[in-house]
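From first to last, the protein sequence lines stand for chains A and B. Per the working numbering, the very first residue in the first sequence carries number 76; after that it's consecutive. Per the working numbering, the very first residue in the second sequence carries number 76; after that it's consecutive.
A few of these clues could be false.
You can't tell identical chains apart in this list, so a pair holds if it fits in one copy or across any two.
[Said to hold, decoys possible] Below are the BS3-like pairs computed for lysine-lysine, each with C-alpha atoms no more than 25 angstroms apart in a straight line:
| # | residue 1 | residue 2 |
| --- | --- | --- |
| 1 | Lys125 | Lys112 |
| 2 | Lys115 | Lys125 |
| 3 | Lys150 | Lys112 |
The set of hints was computed from the structure by calculation and includes no laboratory data. Just so we're clear, the structure is a prediction, and the values are computed from it rather than from any experiment.
There are 2 protein chains.
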Amino acid sequence: RRSLSAVSYTDPHVSMDLLRAVLQPSFNNDIMAVFMKYQKFYEKAAENVKENVGMEVQTDHLIREAYRNALEHAKQLFPEGEVKRAGPGAAMKRPKASDEECS
Amino acid sequence: RRSLSAVSYTDPHVSMDLLRAVLQPSFNNDIMAVFMKYQKFYEKAAENVKENVGMEVQTDHLIREAYRNALEHAKQLFPEGEVKRAGPGAAMKRPKASDEECS
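Chain A with its partners taken away, still in its complex shape:
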């Protein structure tokens, strides 16, 4: 929503996003490594879904969607509002299932 060429480099959000963009490739590699840990679970689940639903389920689509959802939900570790801090303890926070998809 922000074009880097159109805004001031003294904008704090732009400065931070420049760093973010620089680190993103390395961060992406780390993220992929994390997802590799869970891949077998998602693959198994997607295969089960395909078996049970018995229709044209594209397992790789389902898995990618689940991964995107996991990243979306991980944002809750770093909330926008006024909070004490998003330290390691925040990782223990487990939102109620009913709230999960409401954001």
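Chain A is already provided as a structure; the job is to place chain B on it using the hints.
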């Protein structure tokens, strides 16, 4: 956008999201560990921004925003559309800076 109690458990997306929700706390811990690697860079950048801009910059807000943006951009590893596959090679893909905030 989907309430778990209101939809069928045979919905493939719901089934996958149940697994996602189960794995989310563990995934969040892994994500926090990844961000710890980069924290010093973001903290330094936020301090510089605060110094340079010389106004009421809340460094922790800036850092959390950058983290959320990093998670948002990591979704590009797992695109919605028709692609070959979101394997480890995809992590090497580096979008042009000008495209970064357009999605």
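Inset, instruction - List in ascending order the numbers of the hints, as given earlier, that are violated by the structure. - result: Structure breaks no hint.
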